[in-house]
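Q: Sequence:
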Amino acid sequence: MFAHTSPFRPPPQFSRAVMVPLRKPTADSSVLIEAARAGVRRFYEPGYQLKKAGVILLDLSSSSVHQAELELGGDDSKDQTQLMMTVDKLNRRFGRGAVSVGGTGMGQKGDWSPKQMRLTPQYTTKLSDIPVARA
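In this note's numbering, the protein residues as written are 1 to 135.
Don't take every hint at face value.
Stated by the list, open to error - Heads up, simulated SDA-like pairs for lysine to any residue below, C-alpha to C-alpha not over 25 Å straight-line:
1) LYS115 with SER15
2) LYS51 with LYS78
3) LYS51 with ARG16
4) LYS51 with SER63
5) LYS24 with VAL87
6) LYS78 with SER15
7) LYS24 with SER63
8) LYS89 with LYS115
9) LYS78 with SER62
10) LYS51 with ARG93
11) LYS52 with THR5
12) LYS78 with ARG93
13) LYS24 with GLN82
14) LYS78 with SER30
15) LYS51 with PHE14
16) LYS89 with THR26
17) LYS51 with SER62
18) LYS24 with ARG93
19) LYS24 with VAL101
20) LYS24 with LEU60
21) LYS24 with GLY54
22) LYS51 with VAL40
23) LYS115 with GLN13
24) LYS78 with GLY97
25) LYS24 with THR5
26) LYS24 with LYS52
27) LYS78 with LYS89
Just so you know, these hints were derived from the structure itself, not from any lab.
Nothing here was measured: the structure is a model prediction, and the numbers come from that model.
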């Protein structure tokens, strides 16, 4: 995870990054969100006008590859896997984002969108981006 202020603005400046390792591979959105929240708690300081923040996922692996470990109880992984499969199934049926983990902060559709100042034109998939040649 990372966050920084604009290098072109006057001080105070802020630039931090933190890595939050997961104990074992997961596709559980609630586990990933909690890891992200823990990372933010480790580096966030109020009072800065942040320009950019993000999450980078590293060392992704297939769900079919899993290294076993000693289980010490309290493992709800089968229930969580079933829950995430159900959420994915509902999103496929009713559209992306129809069901999400509570409190993702995105609000109603259209309330927030990333800045796309330097978005590359989509010549091959969007007709309005194809340049028009006139003689």
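Q: What are the numbers of the hints that this structure violates, sorted from low to high?
A: 2, 4, 6, 8, 10, 17, 18, 25 and 26
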